[in-house]
Structure formats: C-alpha cells, structure tokens
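**Student:** Sequence:
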Amino acid sequence: MRDADGRGAGQRARRWTAGRAALVLLVVGLGTVVAGAVWFRAGYVVATQSADSMSPTYRQGERIAAERIDGDEVRAGDVVLFADPRWFPNGELAMKRVVGTGGDRVTCCAGGRVSVDGEPLSEPYVKDGDPVGGKGPSFDVTVPEGRLFLLGDHRANSYDSRFRLSDGRSGTVAADAVRGRLLDGGSTAEPLLPLATALLGAVLTLVGGVLGAVALIRRRAAG
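Per full-length UniProt numbering, the sequence shown starts with residue 1, numbered consecutively.
No lab work stands behind these hints, which were simulated from the structure alone.
Do not take every clue at face value.
[Claimed, not checked] Quick list of in silico lysine to aspartate or glutamate cross-link-like pairs, DMTMM-like style, CA-CA up to 25 Å:
#1 Lys-127 <-> Asp-52
#2 Lys-127 <-> Glu-62
#3 Lys-135 <-> Asp-167
#4 Lys-135 <-> Asp-117
#5 Lys-127 <-> Asp-104
#6 Lys-135 <-> Asp-70
#7 Lys-135 <-> Asp-104
#8 Lys-127 <-> Asp-117
#9 Lys-127 <-> Glu-92
#10 Lys-135 <-> Glu-119
#11 Lys-127 <-> Asp-140
#12 Lys-135 <-> Glu-123
#13 Lys-127 <-> Asp-78
[Stated by the list, open to error] Label pairs and their in silico Cβ distance ranges:
#14 Pro-124 <-> Gly-31: 40 to 48 Å
#15 Arg-105 <-> Leu-30: 52 to 60 Å
#16 Glu-62 <-> Cys-109: 26 to 34 Å
#17 Ala-174 <-> Gly-129: 29 to 37 Å
#18 Leu-199 <-> Gly-61: 21 to 29 Å
#19 Pro-89 <-> Val-27: 45 to 53 Å
#20 Ala-83 <-> Thr-142: 35 to 43 Å
#21 Ala-21 <-> Asn-90: 23 to 31 Å
#22 Glu-119 <-> Val-203: 45 to 53 Å
As the structure is a computational prediction, the values presented were derived from the model and not from experiment.
From the three backbone atoms N, C-alpha and C, an ideal C-beta is built for every residue, glycine too.
Please model the entire structure based on the sequences and the hints provided.
**Tutor:** This is the structure:
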C-alpha cells in the first residue's frame, strides 16, 4: 500500500514539475517574442524599393532593412531612407545615396565625374559606370548645414537633388528627414538578431504549450 502511495505521490510530483516547467517556458517564450519584436521595431526600418533609381545596388521590388539613425549620424556615401513631403507628398519613403553633407561643395560634371570639394568621387556602384547619367544636368552646390545632397545610383533614371536645384534649398534634404541607413549589402546578420530572438521565443512558447498539454492530459488520465 505504501509502495502504491509512493508511486502515486511520485507521479503527482512529476506532473506538477512538468506543469511548472510548461508555465515557465510559456512565460519566458512570450516575453522573448515581445522583446525581439520591440527590439526590431525600435532599431530597424523595413521597406521595399519601389523604383529602379538605386540599381544595381538595390533593385526595384527588393526588400531591404535599414537601421534607424539620427540625422547627425549620416555620412557621405551612406544609402538612406528618407521622407520629405516636398519630394513625395504622399509620405512614402525614398532611397538615395548621400553624396554631400553640410558644408560640402558638390559639382558636376568635369571629366564626366561628380566631385566633392574639388575631389572626383570614386563611384563603382553607379549603373553602367556612368556617374553623370548620360546628359544629366551640371551643378555646383554648396550643401547648407544640416542638409544632404542625394543622388541615385542609376543616374540616368533617378529623381534626386539634381532636379530640385532651384527649390531654394539647392535640391538638398534636411538631415532629420532621414528615417534609416541601409546596412551593408542591404540585409546582414545584424537585423536578424532581434528576429532570431523572437523566433527563439516562439519555439520556447511552442515547447511550453506542448509540455503543458501533455501534463494536463496525464493529470486527467490519472483522475
């Protein structure tokens, strides 16, 4: 009789332990999912390139991830997502490359090149190796402080600062209009970290749910 009682007590203890483990996994898993989602949302912007103006670096329809940054963190050469209602009234995000920042003198097209402060830029990323876009406009702009001069990598098919030179701001965009800076290659392991965290949380939640269901079934079977 004592052996039966002992076995029953042991089974109840195991069911109780399994139930507690399931609860812990569920709580930790759900918390990890939320943490990963918040981390990603706070740190990154996800968008789809809607035009061909940045090819071949980023092609039309390509899904990209950009890290959220402040305007004063932007550097020449960065590819950024920005929102400027003077450019796109519907509020959509646009993608361009930063060629000049506050104080830079950006000129084109001596020798078929874009120059900054008199130094021709090396731009291996431009479409067809053409940094001036065929018959693109010539310009000589000193970028105001706190603003950016932006060009597309497909110079022959990009609506950018060159075509807004007479807007009173020399075609520039406010640095604080930047919403994110694209990561090298557009998609790296960095934005995957919060997503992996959320995925781990989902797995823990699933395991906790299965373990909890098994514990409940055994408890009911034991009466």
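**Student:** Please go over all the hints and tell whether each is borne out by the structure.
**Tutor:** Hints, verified against the model:
With a C-alpha separation of about 10 Å, the suggested pair Lys-127 and Asp-52 falls inside the 25 Å cut-off, and the hint holds. A threshold of 25 Å between alpha carbons decides the hint, and for Lys-127 with Glu-62 the separation of about 16 Å falls inside it, so the pair holds. Taking the CA atoms of Lys-135 and Asp-167, the gap is about 21 Å. The hint holds against a cut of 25 Å. Among the hinted pairs, Lys-135 with Asp-117 is consistent with the structure: their alpha-carbon atoms are about 22 Å apart, no more than 25 Å.
Under the criterion of a C-alpha separation no larger than 25 Å, the hint pairing Lys-127 with Asp-104 is consistent with the structure, at around 24 Å. Straight-line distance between C-alpha atoms of Lys-135 and Asp-70 comes to about 34 Å, which puts the hinted pair past the 25 Å bound. Among the hinted pairs, Lys-135 with Asp-104 is consistent with the structure: their alpha-carbon atoms are about 23 Å apart, no more than 25 Å. A threshold of 25 Å between alpha carbons decides the hint, and for Lys-127 with Asp-117 the separation of about 23 Å falls inside it, so the pair holds.
Restraint check for Lys-127 and Glu-92: satisfied, since their Cα atoms lie roughly 24 Å apart, inside the 25 Å limit. Between Lys-135 and Glu-119 the alpha-carbon distance is near 21 Å, which keeps this suggested pair within the 25 Å criterion. About 22 Å separates the Cα atoms of Lys-127 and Asp-140, which keeps this hinted pair within 25 Å; it holds. With a CA separation close to 18 Å, the supplied pair Lys-135 and Glu-123 stays within the 25 Å bound.
Only pairs whose Cα atoms come within 25 Å are accepted, and Lys-127 paired with Asp-78 is accepted, the gap being roughly 17 Å. Between Pro-124 and Gly-31 the CB atoms are about 45 Å apart, so this pair conforms to the stated range of 40 to 48 Å. With their beta carbons about 55 Å apart, Arg-105 and Leu-30 fall inside the hinted range of 52 to 60 Å. In this structure, Glu-62 and Cys-109 meet the distance hint of 26 to 34 Å, their C-beta atoms being roughly 28 Å apart.
The given range of 29 to 37 Å is respected by Ala-174 and Gly-129, whose C-beta atoms sit roughly 31 Å from each other. Restraint check, Leu-199 to Gly-61: a C-beta distance of roughly 25 Å satisfies the suggested window 21 to 29 Å. At about 46 Å, the CB distance of Pro-89 to Val-27 agrees with the hint of 45 to 53 Å. Take Ala-83 and Thr-142: their Cβ atoms lie about 24 Å apart, and the range 35 to 43 Å is violated.
The beta-carbon spacing between Ala-21 and Asn-90, approximately 51 Å, falls outside the hinted interval of 23 to 31 Å. One distance hint, 45 to 53 Å for the beta-carbon pair Glu-119 and Val-203, holds here, with the actual separation near 52 Å.
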